[in-house]
Amino acid sequence: MSDTHAQTVAFVRDTEIPSAPPPYAATGPVKWMRENLFATPANAVLTLLALYAIYLILAPTLPWILNGVWSANSLAECREILQGATGACFAVLTERWPQLLFGFKYPSDLYWRPTLAFVLLFVAVAPVLFFDLPRKLLIFTGLFPFIAYYLIWGGTIFVPILALVGCIGGFAVYQRFVTGSFAAGFFGGIAAALAIWYIGGLLIPAGASNNAMLTPVPSRDLGGFMLNMMLGVTCVSLSIPIGIALALGRQSSMPLIKVVCVVFIEFIRGVPLITLLFVASVMLSYFFPPESSVDLFLRVVIMITMFSAAYIAEVIRGGLAALPKGQYEAADSLGLDYPQAMRLIILPQALKISIPGIVNVAVGLFKDTTLVSVISMFDLVGMIRGPILASTEWNGVYWELLGFAALLFFVVCYGISQYSQWLERRLATDHR
Amino acid sequence: MKKSVILGALTVAGLSAGAAAAGTLDDVKARGKLNCGVTTGLVGFAAPDANGEWKGFDVAVCRAIAAAVLNDPTAVEFVPTTGKTRFTALASGEIDVLARNTTWTFSRDVDLKFTFVGVNYYDGQGFMVPKALGVSSAKDLDGATVCIQTGTTTELNLADFFRANNINYEPVPIETNAEAQQQYLAGACDVYTTDASGLAATRATFEAPGDHVLLPEIISKEPLGPLVRHGDDEWGDVVRWTLNALITAEELGVTSANVNEMAANTGNPEVARLLGTEGTLGEMLGLDAEWSKRAIAAGGNYGEVFAKNIGEETPIGLARGLNAQWTDGGLIYSPPFR
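So the protein lines, in turn, are chains A and B. Residue numbers 1 to 432, in my numbering, belong to the letters of the first sequence in order. Residue numbers 1 to 338, in my numbering, belong to the letters of the second sequence in order.
For the record, the hints were derived by calculation from the structure and aren't laboratory data. For clarity, every value in this text was computed on a predicted model and none was experimentally measured. Keep in mind that the hints are not guaranteed to be accurate.
Keeping only pairs whose Cα atoms sit at most 25 Å apart, straight-line, the calculated SDA-like set for lysine to any residue is [unchecked claim]: (1) Lys352(A) - Arg79(A); (2) Lys29(B) - Asp109(A); (3) Lys33(B) - Leu214(A); (4) Lys33(B) - Asp109(A); (5) Lys139(B) - Lys308(B); (6) Lys308(B) - Ile152(A); (7) Lys367(A) - Gly270(A); (8) Lys367(A) - Phe122(A); (9) Lys221(B) - Thr105(B); (10) Lys308(B) - Gly253(B); (11) Lys33(B) - Val123(A); (12) Lys33(B) - Thr215(A); (13) Lys84(B) - Phe278(A); (14) Lys33(B) - Lys352(A); (15) Lys84(B) - Arg79(A); (16) Lys29(B) - Asp295(A); (17) Lys131(B) - Thr105(B); (18) Lys308(B) - Lys352(A); (19) Lys33(B) - Thr156(A).
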């Protein structure tokens, strides 16, 4: 080592200078704001305008919400408590809470039954929505409709059991014959189920419902948000398989099936939902004698299901059309027959493409269930517009009630849309 | 073959529907419940309370009929109907009687084939203005802006009234009563016009009801009453005379409180006939002798029902006006029980 070198070493730092903090304007919230809110003069103006708009909205609403009255027996009492100050009268929500959720006629000591069914609903749909869960849970999903029916409507337990036995019988016949011909299996299965239901219906003793373990509740007594949930869940879950069948039928090479499907879809899509609901509630009662009409809830479910099935069919047809022809030919060249090709190759891809469209229809359908209020069924909106606003205590409370309804619907619809986005990411197999 | 089966089924269905319509009174007795059509909710007239129990002026008619026919004022299945479904519900037999503030008009009576059995409320189109406007008669409303529901008869009545009085107005079209309240309170119109009972109910919900007045002019006739299907006069008689029993009870001073006492010892032969201690009026109707006693005991006489649901003591605060007994200068009048 030379001295020269040793001398120079004295000027070499052997420790790192501690890093200075970045300039104030290039870090933290200031930087974020400069980059995102005030990047250009135009941006700055827009930011200020947006802030002002938010202020304009919040200035009256925040005191209104925070100052809200939560316990009072009538609107007049609310006003007395507020003494002229701004404030919402949320007392209507607390007082009529069970009515908003369950309608005004569902027996109050039986509220636990729909609540339990609602909780079980999550257990039942979980394996359908999330594929990572153990497949054995699907058994519960299959049983859920019957359990939910029994819980909500009550009555004799033979009815849901008979329905279940009919479904199992029909499925067994289908399995037995479908290897020979699809049509034989399909129609044989339906015939077997109908036969079991008919014979079983004769076996159930009359009046079995009267001393059943769960008190029977007629459909007319259902109401509130429960009714929206029931209609939404039932109709969406029924209309997806029917929609798939219609979409496939519309592409069928068999003229009869094709014509039937096209006419059905085009007719239903050409008619407003509210017209179908009026037919369900008004016209059909002309055709049945007064005592033996089909349950109104069932009529409405059939109409809404038909309506959304037609829309879902068109969405899925779009998915089918988006598949390259090579996929169909590949399926044929593997020697797969039609059901196999559809089940293993075509539908998984077509349905994946159709997810946003299907979810769109499902969200729309769920909101459309409020239309039943015009045929005097007391869903959430029907409860608000009818009994609650017409009571002498609460006449005149609009914002609180309708805001609450909007909030409930928003939570459910936003949940559905978040799930569909997750599903799209999960199923994304293409290279982006 | 298939066609004939369908036609046959339709015929059977039609026949059984016809058979069911032939004896509504027997049907109701056999069923043990009266199916009564009401509104889905109208302040004071029909609405379920917090316990889900129906209350109101129209509801009281249903309860009185049930008490008369079935001896139980709670044996009523209330079928809520909208303005659109009410007539089909009645025509199809889903309900036995419609008590849903329905205006008695020619075409409903004749063309739709219903029988209006009477009038339980004489309504009419009125005007509400802010007190600050300083108007005391609708004829002073020259140049006023008027909130009016579109597509209703009130719109036509309004145009007629202003034209007949040779004054001008500016309509502010609105869709629903809720919208009208907001518009009127916001000052978008000087006047709000609809049925007088609706105006009173609306005013009752205001923060300061005293700042608004209902003008004395009533510019249309809206007789509201219960109705039944054409072609079953026995049932129509039961409903008609139940309503008349309530009206006559008020006229004769029979109330829900003193009905038993009056029945036991009355010197008035008309009271005795009404309450079934004399004569066989109940039997003629196909009911027992005490039918009207039960109907009156159920919710009180006409005056009691009125006072309890829509009268001046209630928040709605309707005066009797046209709905006073004929002896007090009103139009409420029942044919004699004889």
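Hint check results:
Taking the CA atoms of Lys352(A) and Arg79(A), the gap is near 54 Å; set against the 25 Å cutoff, the hint is violated. Between Lys29(B) and Asp109(A), the direct Cα distance comes to roughly 30 Å. Violation of the 25 Å bound is thereby established for this hinted pair. Of the supplied pair hints, the one linking Lys33(B) and Leu214(A) holds, its CA atoms being roughly 23 Å apart against a limit of 25 Å. Distance check on the hinted pair: Lys33(B) and Asp109(A) sit about 23 Å apart at the alpha-carbon level, within 25 Å; holds.
The hinted pair formed by Lys139(B) and Lys308(B) fails the criterion: a straight-line CA distance of about 34 Å is larger than 25 Å. The suggested pairing of Lys308(B) with Ile152(A) is violated, with an alpha-carbon distance near 36 Å, which exceeds 25 Å. The suggested pairing of Lys367(A) with Gly270(A) holds, with an alpha-carbon distance near 20 Å, which does not exceed 25 Å. A hinted pair counts as satisfied when its Cα atoms are at most 25 Å apart, and Lys367(A) with Phe122(A) qualifies at roughly 20 Å.
With a C-alpha separation of about 10 Å, the suggested pairing of Lys221(B) with Thr105(B) holds against the 25 Å cut-off. Note on Lys308(B) and Gly253(B): the hinted pairing holds, with a Cα-Cα distance of about 17 Å set against a maximum of 25 Å. At roughly 41 Å between alpha-carbon atoms, Lys33(B) and Val123(A) are farther apart than 25 Å, so this suggested pair is violated. About 19 Å separates the Cα atoms of Lys33(B) and Thr215(A), which keeps this hinted pair within 25 Å; it holds.
Straight-line distance between C-alpha atoms of Lys84(B) and Phe278(A) comes to about 9 Å, which keeps the hinted pair within the 25 Å bound. Taking the CA atoms of Lys33(B) and Lys352(A), the gap is near 53 Å; set against the 25 Å cutoff, the hint is violated. For the proposed pair Lys84(B) and Arg79(A), the alpha carbon gap of about 35 Å is over 25 Å, so the pair is violated. Of the pairs offered as hints, the one joining Lys29(B) and Asp295(A) holds, with about 23 Å between alpha carbons and a cut-off of 25 Å not exceeded.
Between the alpha carbons of Lys131(B) and Thr105(B) the distance comes to roughly 34 Å, so the proposed pair goes past 25 Å and is violated. At most 25 Å may separate the alpha-carbon atoms for a hinted pair to count; Lys308(B) and Lys352(A) exceed this at roughly 62 Å. Between Lys33(B) and Thr156(A), the direct Cα distance comes to roughly 23 Å. Compliance with the 25 Å bound is thereby established for this hinted pair.
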